[in-house]
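Q: Listed below are the residues making up each chain.
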Amino acid sequence: MIRVLLPGHLQTLAGSGREVSLDVPEPITQRTVLDALELAYPTLRGTIRDQQTQERRPLVRFFACKQDLSHEPIDAPLPDDVVSGREPYLIVGAMAGGCDPRPN
Amino acid sequence: MSGVRVLVGTVKGAFICESDERRQTWEISQPQFPGWEMYHLKGSPVDPNRIYASQSSGWFGQTMQRSDDGGKTWDVISNDFQYATDPGTHQWYDGSQHPWKFARVWHLEPSLTDVDTVFAGVEDAALFKSTDGGASWTELPALRDISGSLWQPGAGGMCLHTIVLDPNNDQRIVVAISAAGAFRTDDGGTTWKPINEGLISPWELPDPVTKVGHCVHNISMHPSRPDTLFMQKHWDVMRSDDAGDNWYEISGNLPSDFGFPITVHAHEPETVYVVPILSDQFHYPPEGKLRVYRSRTGGNEWEALTRGLPQENCYVNILRDAMSVDTLDSGGVYFGTTGGQVYCSANSGDSWQTIVHDLPRVLSVEVQTLA
Numbered sequence: 000m001i002r003v004l005l006p007g008h009l010q011t012l013a014g015s016g017r018e019v020s021l022d023v024p025e026p027i028t029q030r031t032v033l034d035a036l037e038l039a040y041p042t043l044r045g046t047i048r049d050q051q052t053q054e055r056r057p058l059v060r061f062f063a064c065k066q067d068l069s070h071e072p073i074d075a076p077l078p079d080d081v082v083s084g085r086e087p088y089l090i091v092g093a094m095a096g097g098c099d100p101r102p103n
Numbered sequence: 000m001s002g003v004r005v006l007v008g009t010v011k012g013a014f015i016c017e018s019d020e021r022r023q024t025w026e027i028s029q030p031q032f033p034g035w036e037m038y039h040l041k042g043s044p045v046d047p048n049r050i051y052a053s054q055s056s057g058w059f060g061q062t063m064q065r066s067d068d069g070g071k072t073w074d075v076i077s078n079d080f081q082y083a084t085d086p087g088t089h090q091w092y093d094g095s096q097h098p099w100k101f102a103r104v105w106h107l108e109p110s111l112t113d114v115d116t117v118f119a120g121v122e123d124a125a126l127f128k129s130t131d132g133g134a135s136w137t138e139l140p141a142l143r144d145i146s147g148s149l150w151q152p153g154a155g156g157m158c159l160h161t162i163v164l165d166p167n168n169d170q171r172i173v174v175a176i177s178a179a180g181a182f183r184t185d186d187g188g189t190t191w192k193p194i195n196e197g198l199i200s201p202w203e204l205p206d207p208v209t210k211v212g213h214c215v216h217n218i219s220m221h222p223s224r225p226d227t228l229f230m231q232k233h234w235d236v237m238r239s240d241d242a243g244d245n246w247y248e249i250s251g252n253l254p255s256d257f258g259f260p261i262t263v264h265a266h267e268p269e270t271v272y273v274v275p276i277l278s279d280q281f282h283y284p285p286e287g288k289l290r291v292y293r294s295r296t297g298g299n300e301w302e303a304l305t306r307g308l309p310q311e312n313c314y315v316n317i318l319r320d321a322m323s324v325d326t327l328d329s330g331g332v333y334f335g336t337t338g339g340q341v342y343c344s345a346n347s348g349d350s351w352q353t354i355v356h357d358l359p360r361v362l363s364v365e366v367q368t369l370a
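Chains as they are written, first to last, in numbering that gives the first Met the number 0: chain P, 0 to 103; chain W, 0 to 370.
Simulated from the structure, these hints should not be mistaken for laboratory data. Please read all numbers here as calculations on a predicted model, not as lab measurements. The C-beta atom is built at its ideal place from N, Cα and C for all residues, glycine as well. One thing to keep in mind: the hints can contain errors.
Some chain W residues close to chain P (C-beta under 8 Å, calculated; not the full set) [what the hints assert, rightly or not]:
hint, residue
1, G34
2, S56
3, G57
4, W58
5, F59
6, Q61
7, T62
8, V75
9, D79
10, Q81
11, T84
12, P98
13, F101
Here are the computed distance ranges between Cβ atoms for each label pair [as the list claims (entries may be wrong)]:
hint, chain 1, residue 1, chain 2, residue 2, range
14, P, G14, W, D357, 24 to 34 Å
15, P, E37, W, Q310, 21 to 31 Å
16, P, T11, W, D357, 16 to 26 Å
17, W, F281, P, Q50, 34 to 44 Å
18, W, T190, P, C64, 53 to 63 Å
19, W, P166, P, Q66, 56 to 66 Å
20, P, Q53, W, Y92, 24 to 34 Å
21, W, D74, P, Q50, 15 to 25 Å
22, P, A39, W, G156, 25 to 35 Å
Which bits of chain P does chain W cover? Going by a derived footprint, with three or more residues having C-beta under 8 Å, they are [claimed, not checked]:
hint, segment
23, 35–46
24, 49–57
Please build the complete structure, drawing on both the sequences and the hints.
A: Structure representation (structure tokens):
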């Protein structure tokens, strides 16, 4: 089972606790984990990845094994410790002030 | 006993304020969806227990919610807003062309006749419709055919923020977009036309009388006179008596004709309310005095309503969806401010009381009159 840690707002939407466990078909990649997460918790669709483009939302980050995987290829294999369940895959709301980049 | 339920959307959650028909004492809910931007909540005229809500976040995007018990509990509904056709590009702030991209839902307008039908106005500007209670959304794409490439974002984004449904003609819808103007369909959204004749924008546009491009802030209509529309434009308060085909100015003696919301009294179709704001540069009331202005003559002649409102050191704004009226006999009027106050007048604006003082910045206020 893949362990995924969710930020607070997404726990509320999913009706879950901080950690959810997912049965993810191989290959275990960021894409297949996110697909499995959205399948298990449909209320999270569009909150982590854009509905249209399926790209990571700009202020969402993916961490695992003390590494930032946000900019890694989404189809690359996840670290062995995540695949084995020893380490969780973290979905994180990025540090940000919520500043809108548009002019006022 | 009758009463009212006030649905308040703020940048950090929604709040539900309830009172009996006297509207003197209020129960304020705990924050609903705490921490989320609640752009708009609106109840169905068919069943007041059905409420639709737009919930969004800079981090996690757009989510939609629906309540079937008057806001006690909520269910997540679809947030899948796919443009029906390739939306192409629109003008960006610097004059370049920018890809059209869904950002958020600004306004929800439940059907006047069917509890499961609701319209959503979104950024980047488009109109969506659901006929299954929000389980799915379909765009009415012909609206974007009206010179969509010439539309441009206002300061808040390129949003479709106003949806007015005609109670006598379910095929007629009026919408407003910042900054594109007002548009109307008479065939349920199959075709649209711009309805901006008479609008003049000399300070915002190179062609002040262009057919498309005006920054319309809000439009309101009394259900007994669907052909009469009242508009708060970026500058100018306007009126149309032919469903928007032609507009004329009714700013009259207002201290400023810049502002955001405009609302019509529930029982007096010639009684109109605006909240003048000093200018687009300052976004606060003239002289630091929070004054609602009421016209009982359909415009041009306005009186300041000040009893119970701060008349010094007040520098809040009132956003376009943050004013509403109830349908009780005495005509309640409500508005919320960017300072987090929500005000109520139970006597058509003659005097005001504060429902709640210290909410987060208020984005929207809608009132439900309960039997």
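Q: Starting from the hint list further up, note which numbers the structure goes against and sort them upward.
A: Hints 11, 12 and 15 contradicted; others consistent.
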